[in-house]
Amino acid sequence: MNGIEIVTPGPLTTVQDLGRFGYQRAGFCPSGVMDVPAALIANALVGNKSDADEPMPAVLEMTMQGIVCVFHGDAAFALTGADMPATLNDKDIPSYALHYARSGDTLSIGFARAGCRGYLAFAGGIDVPPVMGSRSTNIKCALGGFEGRKLKRGDMLALYGVGGRLKPRKPVYAEPQHAYTSNGAPLLIRVADGPQIERFSKETIRKFQNAQYTVSVQSDRMGVRLDGEPLPAIGGADIVSDGIPCGAVQVSNAGQPMILLADRQTVGGYAKPFVVIEADLPLLAQARPGDKLRFARVSIRNAQFAALETIADTGLTLRRIDEQYTGSLRFAGFNIKT
Amino acid sequence: MSREFYPRILPAGEQALVVEFGDAIDPAVNDRVVALARSLELRAINGVTETIASYRSLLVLFEPSRISARRLRFMLARRSRAALADRAGGSAGLLYDIPVCYGGAYGPDLPDVAAHCGVSPQEIVRRHSDVVYRVFMLGFMPGFPYLGGLDKALETPRLDTPRALIPAGSVGIGGRQTGVYPLDSPGGWRLIGRTPVRLYDPARSKPVLLQAGDRVRFIPISEEEYERADASCRAGSYEIIARAAEEGGAV
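First to last, the protein sequences are chains A and B. In terms of the working numbering, the first sequence opens at residue 1 and continues consecutively. In terms of the working numbering, the second sequence opens at residue 1001 and continues consecutively.
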């Protein structure tokens, strides 16, 4: 079998693709990679194409710390996202580049120097069965991915047949989409209005945009919890439960905001004054506990311009990687053929 | 808050709109939510990718590259008026008969619930299975139905300390609500029985059995019947009984 054997899994490493869509009405969160551009670039670096059937071949998402694995069979791989130091057979290798491994080689990915989530893509993609249209891991439901759970020591992860046919291409590199600053200046996150914006006074909305928030240690794939200026809702934050879009800023009765992400619940009973624009979700995905955030309210129009900007940037990166890149690029509700 | 006119269409970021039909847990409001969801299923609006129905509103997710928020607002307003006019809702979904083995090992809290309500366990079973419940929405976990219609006399507070593991199929009462756990999970509801029917089965062509607008009736069965039904559910040969719910029927 062509694949990798997990020697050290890291705290939370899961198989993810773009996500499991179409089942939110039944209560399934979409799951999927948190930093979409980083995962797209990782796939492009290893030459994986995307098409309508497979909008994005599955990759590994590693949280804060990478994996150590041994290759069974030759493979090509690339590491993107958080800045994680990596070695192949004890030799340093750069991220955002295409690498080749021989059968028996050991890849060792360390603790993130900056950013929170690293992505590891393999030529051909990870061979796990799609469940309800996606290979993404939904841990809560023990669904999809590798046995519906995070990876652990000894797991054998199959890769789609690339084995002996692997011919090294010319060196391939890419630039990260954004510099992941940790413990530096606050990240600026843009938000559009959410369904319960009218429950918040002008004064509260102004305070929200002037305040600085800290990413709490209780943040995960479900959501980023924020410490800082509370956001009191007029008449309380309890609402009759309604649907939750990705990026929704939810406010509890104590006023503490939480941004709901890939593994969010689909309905909830807290007021949602804002929704983080999709263009800034990758930034949020890379924020780590202790990082500072600031927020700016933008119009729907500007949110969509920002999304198009992200697509243009990512598309450019993908084409620099491979001039013949012909994947489709799905992001923020835009589906662009490159 | 000021009195609102419904339906109203609210923003939910750059890729979603909320169509709100009211501000309360009310079957008549939920009928309209479900009617709009059905309408979008039967006659799709190009660019709409998914909807999430909840008690009183429908979250409509869309792709901005295929339809503008402005145009979608306009189309949803038109569809919503039609949904409002459709008084029967056209929303009555299917009525499911869900067999439940009450009490014993499957419903360990039945005696406590009976004691709390001051009636016999048999009376709890009779009243719990005497109602046609409405599925207001799904959520909390995949396939978990928020049911409306619990007999007020059966309301029982949750456990002080939630159980670490509640087996899938467990039927419970938590405060004013009753429901069925579709997955093994922790939880604090009082367990009064268990159904062999899988509300959620990833291997089934329709992984989640219920949808918003459906109706559910619990049919008491014996332990032997439970074992038999459970075996055929495992084998995939169990036939789930469902029929068109009567328009404007209970709840």
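No lab work stands behind these hints, which were simulated from the structure alone. Any given hint could turn out to be false.
Derived lysine-lysine pairs resembling DSSO-like cross-links, with alpha carbons at most 27 Å apart [stated by the list, open to error]:
(1) K150/A to K140/A
(2) K150/A to K1206/B
(3) K207/A to K49/A
(4) K1206/B to K140/A
(5) K152/A to K91/A
(6) K152/A to K140/A
Below or equal to 27 Å on CA atoms is what counts here, so check K152/A against K91/A. holds, 24 Å
Please work out if K152/A and K140/A have their alpha carbons no farther apart than 27 Å. holds, 16 Å
Can you confirm whether the C-alpha distance between K207/A and K49/A stays at or below 27 Å? violated, 45 Å
Going straight from one Cα to the other, do K150/A and K140/A come out at no more than 27 Å? holds, 11 Å
Taking only the CA atoms, is the gap from K150/A to K1206/B under or equal to 27 Å? Holds. K150/A to K1206/B sits at ~26 Å (cutoff 27 Å).
Mind checking the alpha carbons of K1206/B and K140/A for me, to see if they're no more than 27 Å apart? Since the Cα atoms of K1206/B and K140/A sit roughly 20 Å apart, the hinted pair holds (cutoff 27 Å).
When held up to the earlier numbered hints, the structure conflicts with hint 3 and nothing else.
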